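**Student:** In case you want the letters, here they are:
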Amino acid sequence: MLAQAIGPFEVSLVVLYLAVVAYLGWLGYRRTQNATDYLIAGRKAHPFIMALSYGSTFISTSAIVGFGGVAGLFGMSVLWLTFFNIFVGIFIAFVVLGGPVRRMGHRLDAHTFPEFLGRRYDSRFIQVFAGLIIFCFMPVYAAAVIIGGTEFITAAFKIDYHVAVLVLSSIVAVYVLAGGLKGVMYTDALQGGIMFVGMGVLLVSAYWIVGGIRQGHADLTAMADQVFVGFKAIGHRGWTALPAFGWGKPAGLPADAPSPYDLWYIVFTTIVLGVGIGVLAQPQLVVRFMTVKSKRELNRAVLTGGFFILMMTGVAFTVGALSNVYFYKHEKIVGRIVGVTERADVIVKKERDVEKRLPCKLLHVDTVDDNEPDFHVIAEGLDAAAAILPKAEIRDLGDGRVEILPKATSFTRALVRKGNDWMLNPDSIIPNYVTSSMPKWFGILFLLTLLAAAMSTISSQFHTAGTALGRDVIQQLFHRGDAGGHGTHVVRLGMIVGIVVAVIFSYYARGGYIVARATAIFFGLCAAAFLPSLIGGLFFKRMTRVAAICSMVTGFVISGFWVLFVKASEAGAIGIVQRVTGGKNSILVDYPNWPVVEPIVIALPISALVAAVVSLLTRPPSDAHLERCFGGAKAAPAPAPQPVEVTA
Amino acid sequence: MLGIEDPFVWLAYVLSAVSTLLCVVYGIVNWNRGDDSVAAEDIEWAAHEAEARQSD
Numbered sequence: 000m001l002a003q004a005i006g007p008f009e010v011s012l013v014v015l016y017l018a019v020v021a022y023l024g025w026l027g028y029r030r031t032q033n034a035t036d037y038l039i040a041g042r043k044a045h046p047f048i049m050a051l052s053y054g055s056t057f058i059s060t061s062a063i064v065g066f067g068g069v070a071g072l073f074g075m076s077v078l079w080l081t082f083f084n085i086f087v088g089i090f091i092a093f094v095v096l097g098g099p100v101r102r103m104g105h106r107l108d109a110h111t112f113p114e115f116l117g118r119r120y121d122s123r124f125i126q127v128f129a130g131l132i133i134f135c136f137m138p139v140y141a142a143a144v145i146i147g148g149t150e151f152i153t154a155a156f157k158i159d160y161h162v163a164v165l166v167l168s169s170i171v172a173v174y175v176l177a178g179g180l181k182g183v184m185y186t187d188a189l190q191g192g193i194m195f196v197g198m199g200v201l202l203v204s205a206y207w208i209v210g211g212i213r214q215g216h217a218d219l220t221a222m223a224d225q226v227f228v229g230f231k232a233i234g235h236r237g238w239t240a241l242p243a244f245g246w247g248k249p250a251g252l253p254a255d256a257p258s259p260y261d262l263w264y265i266v267f268t269t270i271v272l273g274v275g276i277g278v279l280a281q282p283q284l285v286v287r288f289m290t291v292k293s294k295r296e297l298n299r300a301v302l303t304g305g306f307f308i309l310m311m312t313g314v315a316f317t318v319g320a321l322s323n324v325y326f327y328k329h330e331k332i333v334g335r336i337v338g339v340t341e342r343a344d345v346i347v348k349k350e351r352d353v354e355k356r357l358p359c360k361l362l363h364v365d366t367v368d369d370n371e372p373d374f375h376v377i378a379e380g381l382d383a384a385a386a387i388l389p390k391a392e393i394r395d396l397g398d399g400r401v402e403i404l405p406k407a408t409s410f411t412r413a414l415v416r417k418g419n420d421w422m423l424n425p426d427s428i429i430p431n432y433v434t435s436s437m438p439k440w441f442g443i444l445f446l447l448t449l450l451a452a453a454m455s456t457i458s459s460q461f462h463t464a465g466t467a468l469g470r471d472v473i474q475q476l477f478h479r480g481d482a483g484g485h486g487t488h489v490v491r492l493g494m495i496v497g498i499v500v501a502v503i504f505s506y507y508a509r510g511g512y513i514v515a516r517a518t519a520i521f522f523g524l525c526a527a528a529f530l531p532s533l534i535g536g537l538f539f540k541r542m543t544r545v546a547a548i549c550s551m552v553t554g555f556v557i558s559g560f561w562v563l564f565v566k567a568s569e570a571g572a573i574g575i576v577q578r579v580t581g582g583k584n585s586i587l588v589d590y591p592n593w594p595v596v597e598p599i600v601i602a603l604p605i606s607a608l609v610a611a612v613v614s615l616l617t618r619p620p621s622d623a624h625l626e627r628c629f630g631g632a633k634a635a636p637a638p639a640p641q642p643v644e645v646t647a
Numbered sequence: 000m001l002g003i004e005d006p007f008v009w010l011a012y013v014l015s016a017v018s019t020l021l022c023v024v025y026g027i028v029n030w031n032r033g034d035d036s037v038a039a040e041d042i043e044w045a046a047h048e049a050e051a052r053q054s055d
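If you're matching them up, the sequences are chains A and B in order.
Residue numbers for the first sequence follow numbering that gives the first Met the number 0, so the first one is 0 and each next one is one higher.
Residue numbers for the second sequence follow numbering that gives the first Met the number 0, so the first one is 0 and each next one is one higher.
Honestly, I wouldn't trust all of these hints.
To be verified - With a cut-off of at most 20 Å between alpha-carbon atoms, the simulated DMTMM-like pairs for lysine to aspartate or glutamate come out as follows:
(1) A:K294 to B:D5
(2) A:K406 to A:D373
(3) A:K294 to B:E4
(4) A:K157 to A:E9
(5) A:K417 to A:E354
(6) A:K231 to B:E40
(7) A:K328 to A:E402
(8) A:K331 to A:E371
(9) A:K231 to B:E4
(10) A:K231 to A:D108
(11) A:K294 to A:D108
As the list claims (entries may be wrong) - If you want the footprint, here are the derived chain B segments under chain A, 3+ residues with CB under 8 Å:
(12) 7-13
(13) 36-49
Stated by the list, open to error - Pairwise CB distance ranges (calculated):
(14) A:A18 to B:M0: 44 to 50 Å
(15) B:L20 to A:P249: 38 to 44 Å
(16) B:P6 to A:C135: 29 to 35 Å
(17) B:P6 to A:G399: 17 to 23 Å
(18) B:V28 to A:G251: 14 to 20 Å
(19) A:A243 to B:L20: 28 to 34 Å
(20) A:N370 to B:L20: 49 to 55 Å
(21) A:G251 to B:A16: 28 to 34 Å
No wet-lab data here; the hints were simulated from the structure.
These figures come from a predicted structure and were not determined experimentally.
Every residue gets a Cβ at the ideal spot worked out from N, C-alpha and C, and that includes glycine.
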């Protein structure tokens with residue numbers, strides 16, 4: 000089925016790519032047989048290769064498809080996240096955190112993030128607790144990455160979403176379980192290179208299509224009156240303007256109307272802060288710092304890493320926003336209308352059992368003469384929706400074909416089938432844009448870009464989740480003192496369980512920019528639970544074990560409480576809050592803005608405060624322990640490196 | 000500026016470029032700086048890391 004939909008050339012290209020990835024993985028693995036090789040090999044590699052490797056691990060389909068789609072919805076204000084990604088995620092992380100993490104990690108012989116925290120605070124509880132959090136919640140982030148890739152496969156190759164989930168998951172599962180992290184630098188660098196080229200072509204072509212930088216931005220600014228009515232109500236003022244800022248709800252608005260300031264808090268707490276700050280406490284990032292060969296390598300990676308992130312998130316967000324200009328002003332679909340749905344109630348918003356639908360007429364268009372519809376567009380809104388939805392212009396070309404100008408925004412053009420229903424799906428914006436505006440060869444390049452982005456990130460995610468269960472939880476609880484061996488099968492089991500959970504989540508969760516929201520939940524949770532303990536552990540000798548435990552538990556509990564009972568979109572989807580409140584989606588539903596504020600805004604300051612206060616109230620760590628963590632005042636000169644044979 | 004009217008959106012656009020420039024300049028200035036020596040603890044860590052990877 001898939002082969003028929005895509006074609007033998009495309010399948011061959013993907014298979015060739017996977018074969019090259021496998022070969023490079025084996026090559027890199029074979030060349031690092033002993034510990035000295037492992038340390039020295041990296042010094043001979045070109046820094047550009049290293050930076051591509053870093054970037055491909057941290058940028059995924061979540062950033063490109065998910066957050067690119069959010070930019071299509073909410074506009075260029077999302078570029079604040081690009082600034083945070085570069086300044087916080089690269090500059091602060093590499094320059095301020097990288098060196099100390101690496102040095103302390105090596106001193107403490109830590110190999111996972113929970114192990115790092117556990118040894119820094121000399122606490123088995125911390126290692127197990129952190130391991131459990133990572134193991135339980137990493138699948139949520141992994142699902143975001145899978146959904147991002149799946150949406151593109153669905154849009155580009157016109158196959159069912161659920162089939163695409165299973166296809167992508169199968170490829171990724173084989174890659175991960177075959178040992179995706181081994182020889183990581185070569186494979187990641189190849190993947191990073193593909194991503195770089197793909198996004199570069201996307202940026203240049205997007206500005207070319209919309210008439211240049213200034214013209215494209217000006218046209219986007221002029222489209223402000225086309226903002227979807229539901230977004231206008233929460234403060235959307237156009238794609239080149241910040242959302243309206245304020246707090247509460249002005250007098251005179253109906254009781255059931257949303258606050259006109261909600262969008263500001265969605266963009267800046269969920270999208271910008273949740274992910275922009277949360278990246279600092281990502282377990283994969285911290286582990287990555289420990290595996291770099293030297294501080295010099297970190298310095299060099301800042302150069303190319305910053306540029307790489309700009310080319311990934313900056314391009315995705317800019318193109319996402321500009322896609323509105325393309326769909327509204329430039330898109331022309333030429334083909335035969337092979338189906339018309341005279342009346343469809345399209346889902347524009349879904350919260351658990353409550354759906355908001357708009358009636359409209361749909362056109363199904365065949366553009367490649369195979370009698371199968373390739374494009375589905377809204378012809379016009381019906382009844383009251385006529386004033387809300389776009390009205391497409393249709394020109395008869397006289398040969399049985401028509402030229403359709405959808406005159407849509409990115410959101411109203413993001414029409415997808417979900418079961419027997421139709422829905423507007425923000426995660427389809429970037430895939431729709433690429434499919435519609437770019438030639439087919441670029442679709443394949445972009446598919447490889449997304450496959451590369453998904454595989455490099457997901458292998459890292461599941462490896463982190465697997466080791467969290469095997470090394471940090473099971474081994475700590477049941478096999479203490481056993482340095483290896485017993486944990487192997489549990490690591491594999493952890494990876495398999497993580498993959499299964501992520502696939503199930505991906506299978507059922509779709510719509511409502513779920514990719515960005517799921518990413519923000521995981522990043523925010525990591526920040527609230529881990530960041531104060533990480534920063535305190537690296538830079539404050541006075542930070543105590545009890546303070547770290549209290550901070551982590553506080554951050555986790557407040558984040559969990561907020562997601563379950565306050566943050567309306569997530570709490571409503573999970574459903575527990577509705578049993579408590581008698582059907583409402585948030586316990587603060589009557590207090591404007593609070594239900595859209597991301598947990599990190601509340602949980603991180605409180606967990607940081609708890610860390611500081613409890614540290615001052617409890618006994619400081621012993622000098623001997625601090626010396627073990629931070630090193631002595633007079634460090635002994637380092638011996639010359641000797642090869643250390645690895646015993647399997 | 001650049002077709003973007005809201006200064007706070009324009010600022011995000013420019014700051015993204017400026018922060019990239021900061022990274023580039025930092026990388027060039029510090030290209031050959033940074034402790035490059037290998038300590039005993041680094042060797043020991045790498046041996047254990049390789050063990051862990053081989054057993055995965």
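**Student:** Indicate, hint by hint, whether the structure satisfies it.
**Tutor:** Going down the list of hints, with the structure as the test:
| no. | hint | result |
| --- | --- | --- |
| 1 | A:K294 to B:D5 | 40 Å, violated |
| 2 | A:K406 to A:D373 | 18 Å, holds |
| 3 | A:K294 to B:E4 | 42 Å, violated |
| 4 | A:K157 to A:E9 | 14 Å, holds |
| 5 | A:K417 to A:E354 | 13 Å, holds |
| 6 | A:K231 to B:E40 | 58 Å, violated |
| 7 | A:K328 to A:E402 | 14 Å, holds |
| 8 | A:K331 to A:E371 | 18 Å, holds |
| 9 | A:K231 to B:E4 | 18 Å, holds |
| 10 | A:K231 to A:D108 | 53 Å, violated |
| 11 | A:K294 to A:D108 | 17 Å, holds |
| 12 | 7-13 | holds (count 4) |
| 13 | 36-49 | holds (count 14) |
| 14 | A:A18 to B:M0: 44 to 50 Å | 48 Å, holds |
| 15 | B:L20 to A:P249: 38 to 44 Å | 41 Å, holds |
| 16 | B:P6 to A:C135: 29 to 35 Å | 43 Å, violated |
| 17 | B:P6 to A:G399: 17 to 23 Å | 51 Å, violated |
| 18 | B:V28 to A:G251: 14 to 20 Å | 57 Å, violated |
| 19 | A:A243 to B:L20: 28 to 34 Å | 31 Å, holds |
| 20 | A:N370 to B:L20: 49 to 55 Å | 53 Å, holds |
| 21 | A:G251 to B:A16: 28 to 34 Å | 42 Å, violated |
Consistency with the previously given hints fails for numbers 1, 3, 6, 10, 16, 17, 18 and 21, ordered from lowest to highest.
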